[in-house]
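**Q** Here is what each chain is made of, one letter per residue.
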Amino acid sequence: MNLIFDPLAYPFFVRALAASAIVGLVCATVGSYMVLRGLAFMGDALSHSAFPGVVAAYLLKAPFYLGASIAAVGTALAIGWVTRQGKLRGDTAIGVLFAGMFALGVFLFSLIPNYVGDLFGFLFGEVLGIGMSDLVSLCILAAVVLVTVGLLWKELLYATFDPLGAAASGLPVGKLDYLLLALIALTIVISLQSVGIILVVAMLVTPAATAQLVSNSFGRLVAVAGAIGVVCPIIGLYISYWVNSASGATIVLVETAVFTAVLVVTSLVGRYRHAEAGARAAQAGSAR
Amino acid sequence: MTATPEMAAGPQTADGPMAVRLVDVDAGYGDRIALEDMDLEIPVGALVAIVGPNGGGKSTLLKLIAGLLRPWSGTVEVLGAPAGRESRRVAYVPQAELVDWSFPVNVWNVAMMGRYPRLGPLHQPGKRDHEAVEAALERVGLSDRAHSPIGALSGGQRRRAFLARALAAEADLYLLDEPVTGVDVPTQEAIMDLLGAEADRGKSVVATTHDLAAAARHFRSIVAVNRCIVASGSADLVTNAEVLARVYGGHLLMLGDRLGVLDDSHHHDDPSGSERHFHEGQRGGRS
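If you read the sequences in order, they're chains A and B.
The first sequence begins at 1 in the working numbering and counts up by one.
The second sequence begins at 1001 in the working numbering and counts up by one.
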């Protein structure tokens, strides 16, 4: 019996492993900035707004990466622009635009006369069906996102931590905000095939949220999030292979389980330390 | 008429080079005006406190100088260029309440951020940057806390960490929003000693404060702002009752020969409440 190595005989499984590990790494990296900026809702909104792009690309027989990128990046920039007008709160702008875009996707989808199973894959993810050409496109887009973050990590960090101080000392904070939104949109596009529109937000936010529980420096946050982002999809894919479950949902469940475990352990450790400090203080008090 | 904080003992006069020059500036947010008819010159080497009631436009003035807010009309010149142009020579320290202290960065990371703008996107911090950060932490007395997360610091240490960031930036103009508000007196003195030393080196320091005692004690000149420039001059200006009355619009409390200003923190959000406070105080004083 060989639960680990048997699946590796299937090329589709190896492609799925590679795709979901890369997706996990990119999501965790970009997600680290998202959790620090409170952009989790934005991630959910942008993934839904990619849907009309996917359907339109299907109708026009264009590559789905192109349609999804245009729709998601366009919505990201539109949300940024509406928010900057200052008349509406950010979450209001997000709510209006994302629901409208998703409705457009459903509308286009309902116009297609015959059954389209492929498109359902984009809603819930179908990483086991990823082809070689999709994997190549995914790697290129992933490289674009990771290289951009690699070149601008300090500027993005400063603008996230203290936007006023960063802007006053000459960093183009407005442009960096738009850039981060565009990077989030591209990351979502990369992730659509693996986990699907509805669950992408978990890939983005959960590893970074888990890492935030155990990190007191930014480098450590990204490293821990990246490790979780790479390892969880691999475990999730094996589980989905063994028990024949939906791959995207299984990956997300593994990440959620890791988050829950870390949350419980850190809060127990925190309570124990509090109690210990309290006992020490009480002892010191009685000694005096 | 241009208001210039006089610097009786300072090395610069009003004829010397100016760090900041505002000419006929109106500014605000949305359609609400915050400052009007502002004319102001701050000479190079000044150590200036911007004082005034909450909502009177102190932070707005600082943001104009920092290039974070564009004036509706008029011109703002900073270090001899339009505001925002020489921003790499400007270090801005925000109000402590605006900082997310749970953010996963340590003291060293914060101080190093001061180097980022001059490094540029493609460069990683090098030896020179590490030295600058080390020197800055040494000067603010946080060398031994370099690897502490900012959330673990005391209030005074947090201010000093941000001051280290400003020092590491090797800026020519320091802009600080409420740097000594809510910190203990030894920390206030440590922070102001450092800023005074920077001013002596020819750097310019502009800070807001609503602590008038701190303004009189630690700064060399004062600009009093309440929607427009109400008064400016040397630091003992704030002990002048007439000037105070103009700045705070009568919200003054006489305590023997000492002057105080009623806590005005709610005075703009809730004028009726602050009014009531004032009259109670007055009645209490008479009885």
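For the record, the hints were derived by calculation from the structure and aren't laboratory data.
Just so it is clear, the structure is predicted and the values come from calculations on it, not from any experiment.
Think of the CB as a built atom: it goes at the ideal place given N, C-alpha and C, for glycine as much as any other residue.
Check before you lean on any hint, since a few could be wrong.
FRET-style restraints, in silico, Cβ to Cβ [unchecked claim]:
no.: 1; chain 1: B; residue 1: P1125; chain 2: A; residue 2: R271; range: 54 to 64 Å
no.: 2; chain 1: B; residue 1: G1155; chain 2: A; residue 2: L151; range: 29 to 39 Å
no.: 3; chain 1: B; residue 1: H1123; chain 2: A; residue 2: I239; range: 40 to 50 Å
no.: 4; chain 1: B; residue 1: G1155; chain 2: A; residue 2: D118; range: 37 to 47 Å
no.: 5; chain 1: A; residue 1: P63; chain 2: B; residue 2: E1036; range: 55 to 65 Å
Examples of chain A residues toward chain B, derived with CB under 8 Å [said to hold, decoys possible]:
no.: 6; residue: L36
no.: 7; residue: Y58
no.: 8; residue: L151
no.: 9; residue: L152
no.: 10; residue: D162
no.: 11; residue: A167
no.: 12; residue: N216
**Q** Next step is simple, just say for each hint if it's right about the structure.
**A** Hint check results:
| no. | hint | verdict |
| --- | --- | --- |
| 1 | B:P1125 - A:R271: 54 to 64 Å | 38 Å, violated |
| 2 | B:G1155 - A:L151: 29 to 39 Å | 36 Å, holds |
| 3 | B:H1123 - A:I239: 40 to 50 Å | 44 Å, holds |
| 4 | B:G1155 - A:D118: 37 to 47 Å | 58 Å, violated |
| 5 | A:P63 - B:E1036: 55 to 65 Å | 56 Å, holds |
| 6 | L36 | 6 Å, holds |
| 7 | Y58 | 38 Å, violated |
| 8 | L151 | 6 Å, holds |
| 9 | L152 | 5 Å, holds |
| 10 | D162 | 6 Å, holds |
| 11 | A167 | 6 Å, holds |
| 12 | N216 | 4 Å, holds |
In this structure, the earlier hints numbered 1, 4 and 7 are contradicted, and the remaining ones agree with it.
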